[in-house]
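Asker: Each chain, written out:
Protein chains: 2
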Amino acid sequence: MNIKNNKIVLKKRPVGFPKLDDFEIVNETINNINYGEVLIKVIWLSLDPYMRGRMSEAKSYADPVKIGDVITGGAVGEVIESKCPNFIKGDIVEGFTLGWQEFAKINSSLVRKIEPSLAPIQTAVGVLGMPGMTAYFGLFEICRPVPGDNLVVSAASGAVGQLVGQLAKIAGCNVTGIAGSDEKCKYLKDILKFDNVINYKKDNVFKKIKEYCPSGVNVYFDNVGGKISDDVISNIAPFGRIGVCGVISQYNLTQMETGMRVQRAVLTNQASVEGFLVFRFEQKYSIARKRMAYWLSNRSLIWKEDIVTGLEKAPEAFIGLMNGKNFGKLLIKLDN
Amino acid sequence: MNIKNNKIVLKKRPVGFPKLDDFEIVNETINNINYGEVLIKVIWLSLDPYMRGRMSEAKSYADPVKIGDVITGGAVGEVIESKCPNFIKGDIVEGFTLGWQEFAKINSSLVRKIEPSLAPIQTAVGVLGMPGMTAYFGLFEICRPVPGDNLVVSAASGAVGQLVGQLAKIAGCNVTGIAGSDEKCKYLKDILKFDNVINYKKDNVFKKIKEYCPSGVNVYFDNVGGKISDDVISNIAPFGRIGVCGVISQYNLTQMETGMRVQRAVLTNQASVEGFLVFRFEQKYSIARKRMAYWLSNRSLIWKEDIVTGLEKAPEAFIGLMNGKNFGKLLIKLDN
Numbered sequence: 001m002n003i004k005n006n007k008i009v010l011k012k013r014p015v016g017f018p019k020l021d022d023f024e025i026v027n028e029t030i031n032n033i034n035y036g037e038v039l040i041k042v043i044w045l046s047l048d049p050y051m052r053g054r055m056s057e058a059k060s061y062a063d064p065v066k067i068g069d070v071i072t073g074g075a076v077g078e079v080i081e082s083k084c085p086n087f088i089k090g091d092i093v094e095g096f097t098l099g100w101q102e103f104a105k106i107n108s109s110l111v112r113k114i115e116p117s118l119a120p121i122q123t124a125v126g127v128l129g130m131p132g133m134t135a136y137f138g139l140f141e142i143c144r145p146v147p148g149d150n151l152v153v154s155a156a157s158g159a160v161g162q163l164v165g166q167l168a169k170i171a172g173c174n175v176t177g178i179a180g181s182d183e184k185c186k187y188l189k190d191i192l193k194f195d196n197v198i199n200y201k202k203d204n205v206f207k208k209i210k211e212y213c214p215s216g217v218n219v220y221f222d223n224v225g226g227k228i229s230d231d232v233i234s235n236i237a238p239f240g241r242i243g244v245c246g247v248i249s250q251y252n253l254t255q256m257e258t259g260m261r262v263q264r265a266v267l268t269n270q271a272s273v274e275g276f277l278v279f280r281f282e283q284k285y286s287i288a289r290k291r292m293a294y295w296l297s298n299r300s301l302i303w304k305e306d307i308v309t310g311l312e313k314a315p316e317a318f319i320g321l322m323n324g325k326n327f328g329k330l331l332i333k334l335d336n
Numbered sequence: 001m002n003i004k005n006n007k008i009v010l011k012k013r014p015v016g017f018p019k020l021d022d023f024e025i026v027n028e029t030i031n032n033i034n035y036g037e038v039l040i041k042v043i044w045l046s047l048d049p050y051m052r053g054r055m056s057e058a059k060s061y062a063d064p065v066k067i068g069d070v071i072t073g074g075a076v077g078e079v080i081e082s083k084c085p086n087f088i089k090g091d092i093v094e095g096f097t098l099g100w101q102e103f104a105k106i107n108s109s110l111v112r113k114i115e116p117s118l119a120p121i122q123t124a125v126g127v128l129g130m131p132g133m134t135a136y137f138g139l140f141e142i143c144r145p146v147p148g149d150n151l152v153v154s155a156a157s158g159a160v161g162q163l164v165g166q167l168a169k170i171a172g173c174n175v176t177g178i179a180g181s182d183e184k185c186k187y188l189k190d191i192l193k194f195d196n197v198i199n200y201k202k203d204n205v206f207k208k209i210k211e212y213c214p215s216g217v218n219v220y221f222d223n224v225g226g227k228i229s230d231d232v233i234s235n236i237a238p239f240g241r242i243g244v245c246g247v248i249s250q251y252n253l254t255q256m257e258t259g260m261r262v263q264r265a266v267l268t269n270q271a272s273v274e275g276f277l278v279f280r281f282e283q284k285y286s287i288a289r290k291r292m293a294y295w296l297s298n299r300s301l302i303w304k305e306d307i308v309t310g311l312e313k314a315p316e317a318f319i320g321l322m323n324g325k326n327f328g329k330l331l332i333k334l335d336n
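Residue numbers (our numbering), protein chains in the order written: chain A, 1 to 336; chain B, 1 to 336.
Extracted from the complex, chain A is given alone in its bound form (with noise of 0.2 Å):
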């Protein structure tokens, strides 16, 4: 075996905002697997807000990704040597740390064999991986909606945003998504068919928010923190729950921005703020996944997938998630 490998690795930790001379690609030659390994021609490329947080070194629920080591990320690929006898050459696999690279050497336990007969194979790490599970069990179990519950979304063209949204239609909810665009806005409400939709780079969030929720926000699904949750909380309901997904408004800053405490509106209202992991709801993922797939086939859900082409452009597209320029799931296919 004499395999060449593109990879790209973190060149120095970013401040801020990541910019494109923080990755670097370098080539590798994979020569053998050991026994427990695949050997894994990588397809589809994840890319997640979450990463942000591991390409720094602040304490968190991961270990920060080492200089000079491979971005680890989720990925889809196929199996074109085995080492282990749970999977054979030509198995399609999804793996939550396969990474940015062509080739993944990697035990075997780390990766999971998925069906493509079910759906397309990237939405093992969209709408059936670990973005789908994340929007079916922080809303389920962590938001806990009611039918005739105002639940707010924001980052609602996202991955994890698009789901929460029409998942909260399917559960009867009053849906109100937040997103970055006319375009996105326009997306959520005429295809998606959320209730109201808030632009929240020209509306006065906190306004629309009691024009949409008069008798307040019943969930909030937060993705973003900063100052749109802020001006969300403020309309929280009695008994309000918040489900506290990502931070994406904070994941880029160098220092810590103040803003509103939560306690207040919380003691008023009898609210709570529960923050997750998905990884927590592992054991439920299997009956998550058959029923977003059944959703999926009847069109009560839609997918939405921004694809980006070529291994080397990951670090280009990663920088635009951070800004919010992916609209809907951002995947990376590579071409090699």
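Note that these hints are calculated values from the structure, not bench results.
One or more hints might be untrue.
Stated by the list, open to error - Simulated restraints on C-beta separations: (1) GLY320(B) with SER286(A): 57 to 67 Å; (2) ASP203(A) with VAL26(B): 46 to 56 Å; (3) ALA58(A) with SER181(B): 31 to 41 Å; (4) SER56(A) with GLY320(B): 45 to 55 Å; (5) LYS66(B) with ILE287(A): 53 to 63 Å; (6) ASN107(B) with ALA62(A): 51 to 61 Å; (7) LEU253(A) with GLN255(B): 17 to 27 Å; (8) PHE239(B) with ILE80(A): 34 to 44 Å.
Claimed, not checked - With a Cα cut of at most 25 Å, we get these calculated PhoX-like pairs of lysine-lysine: (9) LYS7(A) with LYS66(A); (10) LYS59(B) with LYS207(A); (11) LYS59(A) with LYS210(B); (12) LYS113(B) with LYS227(B); (13) LYS207(B) with LYS59(A); (14) LYS169(A) with LYS41(A); (15) LYS227(A) with LYS59(B); (16) LYS59(A) with LYS227(B); (17) LYS207(B) with LYS227(A); (18) LYS210(B) with LYS11(B); (19) LYS210(A) with LYS59(B); (20) LYS304(A) with LYS207(A).
What the hints assert, rightly or not - Partial list, derived from the structure: chain B residues whose beta carbon lies under 8 Å from chain A: (21) ASN2; (22) LYS202; (23) ASN204; (24) MET256; (25) ASN269; (26) ALA271; (27) VAL273.
This structure is a prediction, so every number in the text was calculated from the model and none was measured.
For glycine and all other residues, C-beta sits at the position ideal for the given N, C-alpha and C.
Since chain A is already given, all that's left is putting chain B on it; use the hints.
Answerer: Relative to chain A, chain B alone:
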């Protein structure tokens, strides 16, 4: 009947910290009570931080006191006349809205009879009343402590805080109390047997919490909000629970204070924040009251009161409460 009643009314709405001339003593004559009413000679007034909210016009969970109206608040007194079959002269009663006055003419549905043989009657607005219920249900239902948890409570020598810490000890927690003087801290440690104490006026709260809770804060019972809470929440443990009971640091602000948003700490630690008002647990009060009375009787719970004598002292004592001058549950004993 010709009862001369002195009462303290709201003369004007306090701006920032209340001042003596925001209040005024007025007198009136009570000539008769109506069917369904009782006339109560007030013996004990309960002064509680939440009452500051009632003096403001800002929207909250209860209506504000009107200018010229008696300051409402919990009190204990003796029935001196009854036009309700459920009460007779001599009954000792407690009511949440009796207010700052010598006599209260009130619908009997707004008071409850208490059993003087059980404990000193003023405990009906203390350890066996609203503050006791707040500590019990806030701790056990909202914060759900597990033996071995690191628990932090702010305003730890106050009416609620002193009980939270002791109940948490009964529940097997490692308890850290935050208070505002060395005298209070010494009491918490030596008499109430808290494991650790922090004098927030002298100590670096963030560093002390890190020192006392090296594995993080599993439970934070928050009575204060503000900077102290930022420092505690910055040390929250994975799956930590923050119960928001009060925000005394914020009650007297004339404009919103910015501070640390909780989202990031809550997300990366999968922690939760929940506000609560004790009334939601009303149907379970009798269970809690029996247990608290038992723990009092066997000295598992110690209950400290700070007693001021004379109705006319209520405004000054209340202003002291807003500044943390009280040491234990603040009560006014009427001397009429």
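Asker: The structure should be examined with respect to each hint, and the outcome stated for every one.
Answerer: Comparing the hints with the structure gives:
{"no.": "1", "hint": "GLY320(B) with SER286(A): 57 to 67 Å", "verdict": "holds (60 Å)"}
{"no.": "2", "hint": "ASP203(A) with VAL26(B): 46 to 56 Å", "verdict": "holds (50 Å)"}
{"no.": "3", "hint": "ALA58(A) with SER181(B): 31 to 41 Å", "verdict": "holds (36 Å)"}
{"no.": "4", "hint": "SER56(A) with GLY320(B): 45 to 55 Å", "verdict": "holds (46 Å)"}
{"no.": "5", "hint": "LYS66(B) with ILE287(A): 53 to 63 Å", "verdict": "holds (55 Å)"}
{"no.": "6", "hint": "ASN107(B) with ALA62(A): 51 to 61 Å", "verdict": "holds (59 Å)"}
{"no.": "7", "hint": "LEU253(A) with GLN255(B): 17 to 27 Å", "verdict": "holds (24 Å)"}
{"no.": "8", "hint": "PHE239(B) with ILE80(A): 34 to 44 Å", "verdict": "holds (41 Å)"}
{"no.": "9", "hint": "LYS7(A) with LYS66(A)", "verdict": "holds (14 Å)"}
{"no.": "10", "hint": "LYS59(B) with LYS207(A)", "verdict": "holds (17 Å)"}
{"no.": "11", "hint": "LYS59(A) with LYS210(B)", "verdict": "holds (15 Å)"}
{"no.": "12", "hint": "LYS113(B) with LYS227(B)", "verdict": "violated (41 Å)"}
{"no.": "13", "hint": "LYS207(B) with LYS59(A)", "verdict": "holds (17 Å)"}
{"no.": "14", "hint": "LYS169(A) with LYS41(A)", "verdict": "violated (38 Å)"}
{"no.": "15", "hint": "LYS227(A) with LYS59(B)", "verdict": "holds (22 Å)"}
{"no.": "16", "hint": "LYS59(A) with LYS227(B)", "verdict": "holds (22 Å)"}
{"no.": "17", "hint": "LYS207(B) with LYS227(A)", "verdict": "violated (29 Å)"}
{"no.": "18", "hint": "LYS210(B) with LYS11(B)", "verdict": "violated (46 Å)"}
{"no.": "19", "hint": "LYS210(A) with LYS59(B)", "verdict": "holds (15 Å)"}
{"no.": "20", "hint": "LYS304(A) with LYS207(A)", "verdict": "violated (29 Å)"}
{"no.": "21", "hint": "ASN2", "verdict": "violated (42 Å)"}
{"no.": "22", "hint": "LYS202", "verdict": "violated (24 Å)"}
{"no.": "23", "hint": "ASN204", "verdict": "violated (17 Å)"}
{"no.": "24", "hint": "MET256", "verdict": "holds (7 Å)"}
{"no.": "25", "hint": "ASN269", "verdict": "holds (7 Å)"}
{"no.": "26", "hint": "ALA271", "verdict": "holds (6 Å)"}
{"no.": "27", "hint": "VAL273", "verdict": "holds (4 Å)"}
Checked against the numbered hints listed earlier, the structure breaks hints 12, 14, 17, 18, 20, 21, 22, 23; every other hint is satisfied.
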